[in-house]
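Q: Chain by chain, the residues run as shown.
2 protein chains.
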Amino acid sequence: MKKFSIAKSRRVRSTPYTSRIEAQGVTAYSSYNHMLMPAAFGSLEESYHHLKEHVQVWDVSGERQVEIGGKDSSRLVQLMTCRDLSKSKIGRCYYCPIIDDKAGLINDPVILKLAEDRWWISIADSDVILFAKGLAIGHKFEVTIIEPNINIIAIQGPESFQIMEKIFGKKISKMKFFGFDYFEFQGVKHLIARSGWSKQGGYEVYVENTKVGLALYDHLFEIGKEFNVKPGCPNLIERIESALLSYGNDIDNNDNPLECGLDKYVNLDNDVNFLGKEKLKEISKEGINKKLMGVKIETKEIDVSESIKLYNNKSNLIGELRSGVYSPHFGKVIGIAMIFKPYWNVSQSLKIEINGTNFDGKVCDLPFI
Amino acid sequence: MKKFSIAKSRRVRSTPYTSRIEAQGVTAYSSYNHMLMPAAFGSLEESYHHLKEHVQVWDVSGERQVEIGGKDSSRLVQLMTCRDLSKSKIGRCYYCPIIDDKAGLINDPVILKLAEDRWWISIADSDVILFAKGLAIGHKFEVTIIEPNINIIAIQGPESFQIMEKIFGKKISKMKFFGFDYFEFQGVKHLIARSGWSKQGGYEVYVENTKVGLALYDHLFEIGKEFNVKPGCPNLIERIESALLSYGNDIDNNDNPLECGLDKYVNLDNDVNFLGKEKLKEISKEGINKKLMGVKIETKEIDVSESIKLYNNKSNLIGELRSGVYSPHFGKVIGIAMIFKPYWNVSQSLKIEINGTNFDGKVCDLPFI
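Each protein sequence line maps, in turn, to chains G and A.
If you're matching positions, the first sequence starts at 1 in my numbering and goes up one per residue.
If you're matching positions, the second sequence starts at 1 in my numbering and goes up one per residue.
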């Protein structure tokens, strides 16, 4: 595919690490929450293999935080998500679909409970802060809503545990998945979570002190030589193979959580109050008519920059492909697609036109096997 | 400056015109409201001269519409903006700062009044739809809020009047600035406004019927040969020379409208109800401590991808540059900066470090003269 430059400006702003990743060979960016998000360091496939075998350091500053504090903060946070947070614990991360009153998805953040009255919503790419402010104003909630100056460094890959243990001690490798705690570096405490946007394991450091964060960034590369550490970024191949959903790509405001396989984050059984609950009860009763599934396509190349229609052998529209990539593991293109109800059979055959050529494929379950 | 590719995906989606502008030689993109927005067709300076002399057709699909309809629509729209819309007329466009309850800017759209109970908010780059939904839900307003599938084509430049008259007749060249009306092309009515993000004159076609919109796009180039029509996009040089503000670049949520020279769109005198009004009254009484001004810098090159600090001769911080470009008209770099109160004197001298070299400059009023 032909390449185009990204125009930089303050509107799609640089991160504290931008000059470092540019010196380290970043080749492509996307924008994410109005910030530059690295999208490639040369070959996507080389980076994918490296991520699965070693350890990478990622500038994911674009994962902005919406901090909600104050007397009504828990009420507001719960109002925004269909996941029951009534038993949530301080020191834990929660993957939470955020939906509107029509049950349409607005974001799918990880929410960190910092205190009974203080939360960070670690957002995907949409301005959740505006939704939170609108709701808070309308409901006259006593809350403070800000975007703190936090710029996350992610450490991802199987060797992330060793490198982090070397810096922060054994305590960090014993932390459970989606737990978080505070760890000192150069005299400054950092919130570090065992999380990240890959399935290769790792951590996210919520850097509040930029100066020390930059020192940590450099330190990771200094001591990381023995682990073959490299700069990286969320990897399109790895994330699709792992079926990690991407808001704006695979799911959007026209979808509800039940259509996106997020049933286990939907709580309709008790009296917890959230937006879209009545609508979700209706949908749950009537059943859904489309759902997110995997597809495998008999070709080696694809670039998805908008939805691509999928047909069956009789030229009936069966759904749309929303993201896709060549998978070295499967030896073909795999992707995530929204499929209409009559075509949910695994092995349903499909036809897709890519750059004027027709290819065959099959529908499959998610995660891919 | 080193160039980096933009990674395409459905999350930063293509527009109906993307394949056309790529065939026509677009070289750089930005993202705008989660869509690809063309940022350059080769030389910025050549495109600037052409825009000032002839006519260009722009894909500005990224200017999304937030449609607000229903019984309480006027109440909601007024609640979001400090501009008094009580005497607004159907068929007119209104530049309206949108602010939150702290008077911080959230967007600076043009609002179109389609009917007494139907509005389009033609937004700059932030998810105003989420703010509107949050407010509507919290206030239990009877409104419908959607993002319709509208993809604007802008026709900009001094010869835009002739080319549009050739297609739509004399009625269109008689339309007043910021008026809009409906014009037929291939049997389909299009809302066309006399507006656009340049000071060279022109129109914006709010394309709802994509197929006919694409035909119109092609037709503009077919009949536009005699006017030397070219594809283009909002031009960084032209917009800064014209002091057209860019939300996210020059102004953001940490600024209020009075700091941004938007006083004439702030109404504090009657009983119109909008968010942040009490705060703005306070600010108005106490006076502002920073304001948006122009700067001229004695150099020929700059790339602004984050704020750059400005100092006086005594090394005191006097403000920050937020956007800047080499201006052929002034023969030096000009820019838009937020300047602290003690340094508001026109001709206040300034020092700026650009890529490790120090340059001198001066503060000036906006618009540039």
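Be aware that a few hints might be false.
DEER-style ranges, computed between Cβ atoms [as the list claims (entries may be wrong)]:
1) R118/G with E286/A: 25 to 33 Å
2) I288/G with K166/A: 18 to 26 Å
3) T144/A with K314/G: 55 to 63 Å
4) I90/A with D101/G: 23 to 31 Å
5) F359/G with E116/A: 28 to 36 Å
It is worth saying that the hints were derived from the structure and are not from the lab.
Quick reminder that beta carbons are idealized off the backbone N, C-alpha and C, glycines included.
Q: Hint by hint, say whether it matches the structure.
A: Verification of the hints:
Checked against the hint of 25 to 33 Å, the pair R118/G and E286/A passes, with Cβ atoms roughly 30 Å apart. Between I288/G and K166/A the beta carbons are some 50 Å apart, a value that contradicts the proposed interval 18 to 26 Å. Taking the beta carbon of each, T144/A and K314/G are about 37 Å apart, not inside 55 to 63 Å as hinted. Range check, I90/A to D101/G: Cβ separation about 29 Å, and the 23 to 31 Å hint holds.
Distance hint check: the CB atoms of F359/G and E116/A are about 51 Å apart, inconsistent with the given range 28 to 36 Å.
Violated hints, listed in ascending order, are 2, 3 and 5; each of the other numbered hints is respected by the structure.
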